[in-house]
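**Student:** Sequence:
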Amino acid sequence: MTSVTTTGVELSMRRWYFEEAAGRYDVDLGDSYVGCGSVDDLSLPAGLVLGYGSDRGGRELRELVAGRYGRDADEVGVTHGGQEALYLLQRALLRPGDHVVAFAPGWSQAWETPAERGCRVERVGVTADGAPDIGRAVRLITPRTRAVVLNSPCNPTGRRVTGQELAVLVDALRAVGAHLVLDEEYVADLSRDSLLGGYEKAVSVSSVSKVYGFPGLRTGWMCGPRDLVAAAMEGKHTTTLANSVLTEALAAQVLRRHEHHLDRYLRLTSRGLVVLREWAARHQDVLRLLEPQGTPFAWLAMTGEDTSAEFCRAVLRAGVLLMPAEVFGAERGLRLTFARDEAVLREGLRRIDGVIAARAAHGRGRRSDR
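In my numbering, the protein residues as written are 1 to 370.
For the record, the hints were derived by calculation from the structure and aren't laboratory data.
Computed spacing ranges between beta-carbons, pair by pair:
#1 Ser191 / Asp129: 22 to 28 Å
#2 Asp26 / Ala46: 33 to 39 Å
#3 Ala360 / Ala175: 48 to 54 Å
#4 Pro225 / Leu140: 19 to 25 Å
#5 Gly23 / Ala343: 20 to 26 Å
#6 Arg59 / Glu116: 31 to 37 Å
#7 Thr239 / Arg346: 39 to 45 Å
#8 Glu310 / Ala230: 46 to 52 Å
#9 Pro225 / Arg144: 17 to 23 Å
#10 Ala22 / Val176: 42 to 48 Å
#11 Gly23 / Leu262: 28 to 34 Å
#12 Val344 / Glu19: 21 to 27 Å
#13 Glu310 / Arg59: 48 to 54 Å
#14 Asp72 / Arg256: 15 to 21 Å
For every residue, glycine included, the Cβ atom is placed at its ideal position computed from N, Cα and C.
Sequences and hints are given; from them, build the entire structure.
**Tutor:** Put into structure tokens, the structure is as follows:
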């Protein structure tokens, strides 16, 4: 079975993405969203008045988001990307001394922001098949637990929690009155697969970035209990004040064409995964594919001697971006995004072939017999 270890070896996403890798690649297999849309896919709304807009988000966009969950617009707050939604929720929920459970590998904000707020944070790893270890998380919950932050499907392993696991977690949270913060950026169809309806104190965060492929619109949201959403959105006044009315209007266009974008997402992910499986089968001596469950990316466990960062730096020198395990608080693995046009994906994999071959020829990247 493939495992993902969490040993505290970390390289920040900011340092890797914005400093080390910036400008050094022309094939992007690292960013976790489906191949990007462009302004050509959207139309500028005629006569749009460029005022401040609403601090909660415009009514039309909130209704469109709410419709994806089968909820009411008053249960939605629109934010500057999903990351601001997570930050505002953490700011509203957490106080010094609170206990928070998060999962690693994962998006580091899940544990960094609570720690900055003076919380006691415990990070839980994943199971042998890469799913968040719900059993371990449940054993850590106490009366002082304020929130569990859960990302399913998991970034970077691509694995989901089951309905039975969620029920066990909810029972434990309900017993102590704790909240469940759901990072659902990689749920392709929120109307069908969101976990929000499973718990009255759950709140979901998502955006138009990952599944829709419009991260440049910087438009995300939270959806959950009215009082919690209202309290979290109060923080907009001291962060970004309000969202851009222009990007909100464009994001509304994206959500109105949900089925179109979902079809594109499913087409790219289904074909890309076939290509990746075939490629990974040729490199099982150094990389082992963990089968993703509905994500645009996959986790590849490293079985050679390289560190993840060393290998991804070598691949970067070939002009290809990957995400090393260290940026997720783990080691000995990498995240590779396959939701790309086939020609782009194959070119990136061809270059990685060259890196693997070169490192093998120099006695690096494979396990020795000693």
